[in-house]
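Undergrad: Protein sequences, first through last, are from chains A and B.
Residues 8 to 307, numbered by this note's numbering, are exactly what the first sequence covers, in order.
Residues 8 to 307, numbered by this note's numbering, are exactly what the second sequence covers, in order.
Please note: incorrect hints may appear among the correct ones.
The list treats identical chains as interchangeable, and a pair is accepted whether it falls inside one copy or across any two copies.
To be verified - In silico lysine-lysine, DSS-like type, Cα no more than 30 Å apart, as pairs:
(1) K11 with K295
(2) K44 with K297
(3) K119 with K24
(4) K266 with K11
(5) K138 with K198
(6) K115 with K285
(7) K285 with K62
(8) K47 with K62
(9) K115 with K11
(10) K115 with K229
(11) K297 with K24
(12) K44 with K115
(13) K44 with K152
(14) K266 with K62
(15) K292 with K179
(16) K69 with K9
(17) K295 with K24
These are computed hints drawn from the structure, not numbers from a lab.
The structure presented is a predicted model; accordingly, all values stated were derived computationally and were not measured.
The lines below spell out each chain.
Protein chains: 2
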Amino acid sequence: MKLKDLGEFNFINRISKSIRPSGRVVKGIGDDAAVLKYTKDKYLLFTTDMIIEGKHFYKSAKAESVGKKALSCNISDIAAMGGTPKFAVISVGLPGSLDLRYADGLYKGIRKAADSFKVDLVGGDTVSSGKIIINIALIGEVEKKNLTLRSGAKENDAIFITGNIGGSIKLKHLNFTPRVKEARFLVNNFKINSMIDVSDGLLADLGHILEESNKGAIICEKTIPVSRNALGFDSAVRDGEDFELVFTLPLPQAGRLEKAWPFATRLSRIGRVINRRKGFFIVSKDGKSKKISPAGFTHF
Amino acid sequence: MKLKDLGEFNFINRISKSIRPSGRVVKGIGDDAAVLKYTKDKYLLFTTDMIIEGKHFYKSAKAESVGKKALSCNISDIAAMGGTPKFAVISVGLPGSLDLRYADGLYKGIRKAADSFKVDLVGGDTVSSGKIIINIALIGEVEKKNLTLRSGAKENDAIFITGNIGGSIKLKHLNFTPRVKEARFLVNNFKINSMIDVSDGLLADLGHILEESNKGAIICEKTIPVSRNALGFDSAVRDGEDFELVFTLPLPQAGRLEKAWPFATRLSRIGRVINRRKGFFIVSKDGKSKKISPAGFTHF
């Protein structure tokens, strides 16, 4: 049997099941970042992302944008837990024949993202490789009271999303701003029951929240903020790498949040959490409701 | 200018210089692992290593050994700081056409190494890739009093090495035991002034200690523990991936250490730290002393 016959998510599930975490692990595989015991008031967060030339970007892309992306997807994972990014280590695989300016550009992009989010770049590994590979691992912190998992959605929670989705392939997947300040505002001022960043696509990622929380949802097509760059509604809700935040909070707090939202970044209320037995539905513009199978982008 | 014209160490130096660590970083780039502020009595350690098919291993190698190596080199880095490994995240790039048994074997090897050293596997990333790539990032801990850097060697320190060196290409580079228990014994019972693990080759890695400590050294060929698998003395002291520990401690403690050493792993006293102005020398078996230029394996 080949890896692609099993599929990415099944392979990850298979691995996860064989791992027995110790008591130091609050949450292991299966959220945006791992949650680890740390101090009396805080948890440590730990995440990693690998990007490869020809898969996640092409060499025609600006080196600085590629470097920025490599760190920013990790920062987005920490944001989705309600936390603050702190320390990163960077592994790069580079061809010896690579133009030095391109290599410098990659690090310039990483450094710029690190400076913007006060991340310390503290180490790494450099190896030779046919294709450009960047792997970053990032440590963050979160106050225990602010930790936000995928698994906390409650029935009747309002579902929100930041920014616009879709069309990230055109530009945004290389040039997005991780929603750290938005996430920190949310966890500091509201009871955010669940949160995730949109990396596999809105339907897939909201699907992860529902599965981990054992809930259903109903969302409304007309409220979903589709980017002008999107190819259409269907691709907008299924394509990945938007790096926006999807979160749920108790319905009574929804109005206050909409009034208090202080950012230029758009905020949209797109639906409501319901009982699992009712399923996962979308109400289309013509008022009909359709059942959703939340498949998103998979690597194999 | 191409990356290979600059060379790996020059490229890393160039990157390091452009990074300004914050006050939370005790030691950033330039040791076996980064040292970060943590609790009143402990530091956090943070390291990462990337291995790539065709560079660090061939696909003919047993998958389980490859997986074991991927985690073990990181554990060895934590050992070289005097610390204990704790939490790992694993990124893998795999071809979709890969036999599932091979993919399972990689994870089995990682899991076995993790179990042996009580490391929690807490997350990761899975992407599709033409070649097999494994990147692991590892968090460890060390008591402040036990932290051992490359930069602490003192004049007249005795220089020791664990195990045998050379010939790692034949088998050992895929099948070594990180020297965690040896390192913990050392830092708990002796004043270890400096320590490093042998990844670039004995001369290169002892050279790193001397450079960071601003010292010279004299070592003795006849005391250097060369493996039966080594191609010869010169390659044994220059080839990398032995993953033994080289360390220095005050001369008055050397005899007590040799008596107290409780492990089956060999322990060899190979020389002495001297003034930097005197340089870095080796006394060959015929009694002549030769100046050393400590070049080891470089990737570009």
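Undergrad: Each of the hints needs a verdict: does it hold here or not?
TA: Status of each hint after checking the structure:
no., hint, in the structure
1, K11 with K295, "neither (36 Å within a copy, 61 Å between copies)"
2, K44 with K297, "neither (42 Å within a copy, 52 Å between copies)"
3, K119 with K24, "between (38 Å within a copy, 15 Å between copies)"
4, K266 with K11, "neither (47 Å within a copy, 56 Å between copies)"
5, K138 with K198, "neither (44 Å within a copy, 44 Å between copies)"
6, K115 with K285, "neither (49 Å within a copy, 39 Å between copies)"
7, K285 with K62, "neither (37 Å within a copy, 52 Å between copies)"
8, K47 with K62, "neither (41 Å within a copy, 44 Å between copies)"
9, K115 with K11, "between (35 Å within a copy, 19 Å between copies)"
10, K115 with K229, "neither (40 Å within a copy, 47 Å between copies)"
11, K297 with K24, "neither (33 Å within a copy, 56 Å between copies)"
12, K44 with K115, "between (33 Å within a copy, 26 Å between copies)"
13, K44 with K152, "both (13 Å within a copy, 22 Å between copies)"
14, K266 with K62, "neither (41 Å within a copy, 56 Å between copies)"
15, K292 with K179, "within (26 Å within a copy, 64 Å between copies)"
16, K69 with K9, "between (35 Å within a copy, 17 Å between copies)"
17, K295 with K24, "neither (39 Å within a copy, 60 Å between copies)"
Hint violations for this structure: numbers 1, 2, 4, 5, 6, 7, 8, 10, 11, 14, 17, all remaining hints satisfied.
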